[in-house]
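Asker: Sequence:
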Amino acid sequence: MEDWVKTMTYRNYRILIVILWGMVISGCEMLEKHQMMLASNPVPQTAQSIERGQAIFSQYCVACHGESAQGDGPAAKSLAKKPADLTQLDKRSGVIAMRIYYGADPMPAWRHQLSKKEIWDVVNYIQHVAEN
Numbered sequence: 000m001e002d003w004v005k006t007m008t009y010r011n012y013r014i015l016i017v018i019l020w021g022m023v024i025s026g027c028e029m030l031e032k033h034q035m036m037l038a039s040n041p042v043p044q045t046a047q048s049i050e051r052g053q054a055i056f057s058q059y060c061v062a063c064h065g066e067s068a069q070g071d072g073p074a075a076k077s078l079a080k081k082p083a084d085l086t087q088l089d090k091r092s093g094v095i096a097m098r099i100y101y102g103a104d105p106m107p108a109w110r111h112q113l114s115k116k117e118i119w120d121v122v123n124y125i126q127h128v129a130e131n
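Numbering that gives the first Met the number 0 applies: residue 0 is where the sequence shown begins, and numbers increase by one.
If a hint is listed, it holds; no wrong ones were tucked in.
List time: in silico EDC-like cross-link candidates among lysine to aspartate or glutamate, alpha-carbon distance up to 20 Å:
id: 1; residue 1: Lys81; residue 2: Glu66
id: 2; residue 1: Lys90; residue 2: Glu66
id: 3; residue 1: Lys116; residue 2: Glu50
id: 4; residue 1: Lys116; residue 2: Glu31
Using C-beta positions, here's what the derived DEER-type ranges look like:
id: 5; residue 1: Glu50; residue 2: Leu88; range: 18 to 26 Å
id: 6; residue 1: Leu88; residue 2: Gln58; range: 16 to 24 Å
id: 7; residue 1: Ser77; residue 2: Leu37; range: 28 to 36 Å
id: 8; residue 1: Ala46; residue 2: Ser67; range: 18 to 26 Å
id: 9; residue 1: Ala46; residue 2: Lys80; range: 27 to 35 Å
id: 10; residue 1: Glu31; residue 2: Asp104; range: 12 to 20 Å
Derived by calculation from the structure, the hints in this document are not laboratory data. What you are looking at is a predicted structure, and each value in this text was computed from that prediction instead of being measured. Backbone N, C-alpha and C define an ideal beta-carbon position, used for all residues, glycine too.
With these hints in hand, go ahead and build the complete structure from the sequences.
Answerer: Printed below as a string of structure tokens:
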């Protein structure tokens with residue numbers, strides 16, 4: 000048997016398990032991010048969805064991204080990194096949803112405040128604004 004295995008203590012085994020578990024979790028998150036990026040929006044881009052998305056955007060996003068969604072909100076001035084101009088984002092709905100769900104520096108993740116359906120409504124609104 001390898002010498003390093005013989006010398007491992009119970010504490011070292013616990014540390015190794017924590018490290019391995021962390022690697023598994025981060026791998027699962029990366030897979031989920033990739034899957035979300037490739038996903039199509041399951042919520043049809045109807046007037047109702049766009050309206051719901053606009054209400055959510057007004058509550059959670061306007062402070063940084065601004066009414067025009069161009070990254071010119073009142074809080075944007077105080078951030079080290081300018082918020083994204085959402086009218087110029089990758090137009091794939093899954094990419095936008097993934098950024099909202101997991102966050103994108105400096106934007107926080109919104110997955111604990113918004114449901115996936117609400118996020119998809121916001122995606123519909125952002126795409127509507129970008130098209131007009």
